[in-house]
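Chemist: Chains A and B, in that order, give the protein sequences.
Residues in the first sequence are numbered from 876 upward in steps of one, following our numbering.
Residues in the second sequence are numbered from 876 upward in steps of one, following our numbering.
Derived from the structure by calculation, the hints contain no laboratory data.
It cannot be assumed that every hint is accurate.
Each pair may be met inside one copy or between any two copies, as identical chains are not told apart.
[Said to hold, decoys possible] Restricting the straight-line Cα-Cα distance to at most 27 Å, the calculated cross-link-like pairs of lysine-lysine (DSSO-like) are:
no., residue 1, residue 2
1, K1115, K1273
2, K1079, K1273
3, K1288, K1237
4, K1315, K1252
5, K1134, K1315
6, K1186, K1237
7, K1134, K1248
8, K1237, K1152
9, K974, K1115
10, K1288, K1315
11, K1103, K1079
12, K1152, K1134
There are 2 protein chains.
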Amino acid sequence: MGFKLSSFLATLLFICFINYDTVLSNKFEQDPVTKTMHDFSGFPIQETHLPNSLSLLSVDSQTLQKQIDELSTFSDSPAPSVTRILYSDMDVLARRYVKNLMGLAGLSVREDAVGNIFGRWEGYEPEIGAVATGSHIDAIPYSGKYDGVVGVLGAIEAINVLKRSGFKPKKSLEVIMFTSEEPTRFGISCLGSRLLAGSEELAKALRNTVDNQNTSFFDAASFAGYEKDEEKLSSVFLDKGIYSAFIELHIEQGPILEKEGISIGVVTAIAAPASIKVDFEGNGGHAGAVLMPDRNDAGLAAAELALAVEKHVLESGSVDTVGTIGIMDLHPRAINSIPSKAHLEIDTRDIEESRRNIVIEKIHQSAMAISKKRGVKLSEFQIVNQDPPALSDSSVIKAMELAASELNLTYKKMISRAYHDSLFMARISPMGMIFIPCYKGYSHKPEEFASLDDMANGVKVLASTLAKLSLH
Amino acid sequence: MGFKLSSFLATLLFICFINYDTVLSNKFEQDPVTKTMHDFSGFPIQETHLPNSLSLLSVDSQTLQKQIDELSTFSDSPAPSVTRILYSDMDVLARRYVKNLMGLAGLSVREDAVGNIFGRWEGYEPEIGAVATGSHIDAIPYSGKYDGVVGVLGAIEAINVLKRSGFKPKKSLEVIMFTSEEPTRFGISCLGSRLLAGSEELAKALRNTVDNQNTSFFDAASFAGYEKDEEKLSSVFLDKGIYSAFIELHIEQGPILEKEGISIGVVTAIAAPASIKVDFEGNGGHAGAVLMPDRNDAGLAAAELALAVEKHVLESGSVDTVGTIGIMDLHPRAINSIPSKAHLEIDTRDIEESRRNIVIEKIHQSAMAISKKRGVKLSEFQIVNQDPPALSDSSVIKAMELAASELNLTYKKMISRAYHDSLFMARISPMGMIFIPCYKGYSHKPEEFASLDDMANGVKVLASTLAKLSLH
Chain A
876 MGFKLSSFLA TLLFICFINY DTVLSNKFEQ DPVTKTMHDF SGFPIQETHL PNSLSLLSVD
936 SQTLQKQIDE LSTFSDSPAP SVTRILYSDM DVLARRYVKN LMGLAGLSVR EDAVGNIFGR
996 WEGYEPEIGA VATGSHIDAI PYSGKYDGVV GVLGAIEAIN VLKRSGFKPK KSLEVIMFTS
1056 EEPTRFGISC LGSRLLAGSE ELAKALRNTV DNQNTSFFDA ASFAGYEKDE EKLSSVFLDK
1116 GIYSAFIELH IEQGPILEKE GISIGVVTAI AAPASIKVDF EGNGGHAGAV LMPDRNDAGL
1176 AAAELALAVE KHVLESGSVD TVGTIGIMDL HPRAINSIPS KAHLEIDTRD IEESRRNIVI
1236 EKIHQSAMAI SKKRGVKLSE FQIVNQDPPA LSDSSVIKAM ELAASELNLT YKKMISRAYH
1296 DSLFMARISP MGMIFIPCYK GYSHKPEEFA SLDDMANGVK VLASTLAKLS LH
Chain B
876 MGFKLSSFLA TLLFICFINY DTVLSNKFEQ DPVTKTMHDF SGFPIQETHL PNSLSLLSVD
936 SQTLQKQIDE LSTFSDSPAP SVTRILYSDM DVLARRYVKN LMGLAGLSVR EDAVGNIFGR
996 WEGYEPEIGA VATGSHIDAI PYSGKYDGVV GVLGAIEAIN VLKRSGFKPK KSLEVIMFTS
1056 EEPTRFGISC LGSRLLAGSE ELAKALRNTV DNQNTSFFDA ASFAGYEKDE EKLSSVFLDK
1116 GIYSAFIELH IEQGPILEKE GISIGVVTAI AAPASIKVDF EGNGGHAGAV LMPDRNDAGL
1176 AAAELALAVE KHVLESGSVD TVGTIGIMDL HPRAINSIPS KAHLEIDTRD IEESRRNIVI
1236 EKIHQSAMAI SKKRGVKLSE FQIVNQDPPA LSDSSVIKAM ELAASELNLT YKKMISRAYH
1296 DSLFMARISP MGMIFIPCYK GYSHKPEEFA SLDDMANGVK VLASTLAKLS LH
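From just these sequences and the hints, can you work out the full model?
Modeler: In structure tokens:
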């Protein structure tokens, strides 16, 4: 147990100087024998001398890419787009793929009642809170293959990197694949992590939650092999302190890192998200026969509210305030029928909670005013979630910064405008996030892309951070 | 062949004075022996004396209602709504039901390559152009059970009325059930009647027409038992003159007749419809990560265009100008994704063609301006159809007016703001339409309703008009 963090980190540091081609040409040599901490304790730090065995410590980014590509084929839409909906056949197959990779990495796998998947590498002091990392693999319709996935498959690869390096964790390390970070099927984002963080409110709401095919949450979960007994939901809740830290690796989903040529984003806070469901109802009728003065068109009310959302967001005066109308459904959806119903789902976020809440209030005022003006009924205005922002933990930030510096990678502290399972893990654990650049900041669309090098850098920083925090 | 029109009309006239309860209590008596024209020729007109045999000449409105109710069960949405989409299983079953009723009415049934169904009662001078009547039975999603259906089942009942009266047609009488008056599946309204009227343009377009499941028109037609060979489409075209008149019975789909307490609308013209498909395309992206100035939101462009359509329509200054956005689809349709595509379908109509065309031009201008302002691509602006209005034929109007007067029914001349298969039948035949009141003018929704009495009045006027025109 005489392992020194510094010597472990030195081995990781070497990786930065290794030519990838050399690494790959060596990748089929025999696996290194797992070394004890002791073997490593006196390893000389010689940057100019790289023994063959050390080259195998590097990230196998081509295999990681191959896994990302393979996982992307479990999709309900054709390549290059990815559509992977909670508890669908494709989701079940993708879960099996991830569990298999966890098993191959030597992790012991467990799943909870809603399908959060945990792969554990027991530390030599397993009674101390584990250091966890992870993300999600569900994908909104017609999106890309990196969002979430890099933080799951990359985390498994980080474990492999540590194993290949001969590292032995003190605190256990755990890779988590969260269930349904995306709200696609049941309108609830970060479903798995919210429950892990002990949301009684969500557990209660799930009893009456159905998808747009009227399939209940529990029937869907049961279809995928998970719990159908709503009483068992509280088994998902985790105690505060069960993790001593949680780190999520993710593509930035914004253009800053790429634009500025920086390798790593060290996330200091996650913007506070809120989402709202709105329904308008009018009388509908025949598009030819009902004259304009006799109409109360629910679709036009929705169109007007969509533009009002944009206006209120822009009025905030801050570039950090955003608002999006991603869903606007008209009923009966026929060209010759006046919409009798319109359903909107609105997403709004800000790094400043109060400013975002002012926007929400203004949207509500507009919805009521439009309803009155157009003689349509505002039959629903539901704030589905209105979460506070989360701050990264200073010790986790420090570990990530140190990891990046030691690996000679450029990094910057930044805010996550997208929200993540980390937002909820922060409720029960010190949290941090590692961002890597992505092409043009694209996300949630097929053009989403992260380079092999950027992914390798992210995995290295993650591995190093996990190691530091494990030994801390 | 010595039948006199006046004596036949006299028998119909009596019907107006018959108490319905009496009629119904007699309805199970044996069917009257079909009378020759000669038998009727000298029948005394005695309004105070109603022989039993005559009571059976009346409209069996309760059976008609029962048939309407039965037909409404062939629906892909639950009662009271009706959804019956072209060439679906339910459409096939409903067609079978109609053909069966035609057969029971003694009509000889034929279908053409796209499923227009014809039930013919041969006249004693079959070489003269037949007098036709009919409508459609397809139903847009979540609509009602009277639109179109009253003009098909009511027409078959009009034939039964004439048969029970002993009437013998001179010109043949024909009931037509048109294929796909509604544009639901392939975006083409009055598909069957357009083809009957010889639209080479439509026949050509159908070769490349697919539904939103990417099923081709011909595969869908073949599924329903119709033609899959596109070469055979011209067999549907009918020559001008094949019909000496066409009359369509329909619910008003507007509130005028009910509001004014008038039984019959004699349609003098059908408003000119046009429909437009618009696609906007932007870059999409993550709803949290892409800042407002970096966005080109296709959904907001669509919302803005929807409101512009309303504005341009209202600017026309005429209550007769209408415009509707019945379809507005966002892609990828996820709450946390900026819409990268938006698809709109716009319906606009006017009784004045040039005024409607000015609105279309303004919509086009707006679409281009919005596209420029928002940096989204206007990837499609397609005027799907831009039909001229149709005028009813003066001889048909005269026959309908005379029929209503002789039956002692109040009537008014009016314009049809909704469009119908009659618009296209007018291209190959003198045309007229009979409207009956409907509840609050509701149509294209489950609340659609026409009373037994109003339907009976409509069927009587139709029967009388068919008889007049047949003998003319």
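Chemist: Run every hint past the structure and note whether it holds.
Modeler: The hints, checked one at a time:
no.	hint	in the structure
1	K1115 x K1273	within (21 Å within a copy, 86 Å between copies)
2	K1079 x K1273	neither (38 Å within a copy, 68 Å between copies)
3	K1288 x K1237	neither (32 Å within a copy, 50 Å between copies)
4	K1315 x K1252	between (42 Å within a copy, 19 Å between copies)
5	K1134 x K1315	within (8 Å within a copy, 60 Å between copies)
6	K1186 x K1237	both (10 Å within a copy, 24 Å between copies)
7	K1134 x K1248	between (45 Å within a copy, 25 Å between copies)
8	K1237 x K1152	within (15 Å within a copy, 33 Å between copies)
9	K974 x K1115	within (25 Å within a copy, 70 Å between copies)
10	K1288 x K1315	within (19 Å within a copy, 63 Å between copies)
11	K1103 x K1079	within (14 Å within a copy, 53 Å between copies)
12	K1152 x K1134	neither (35 Å within a copy, 38 Å between copies)
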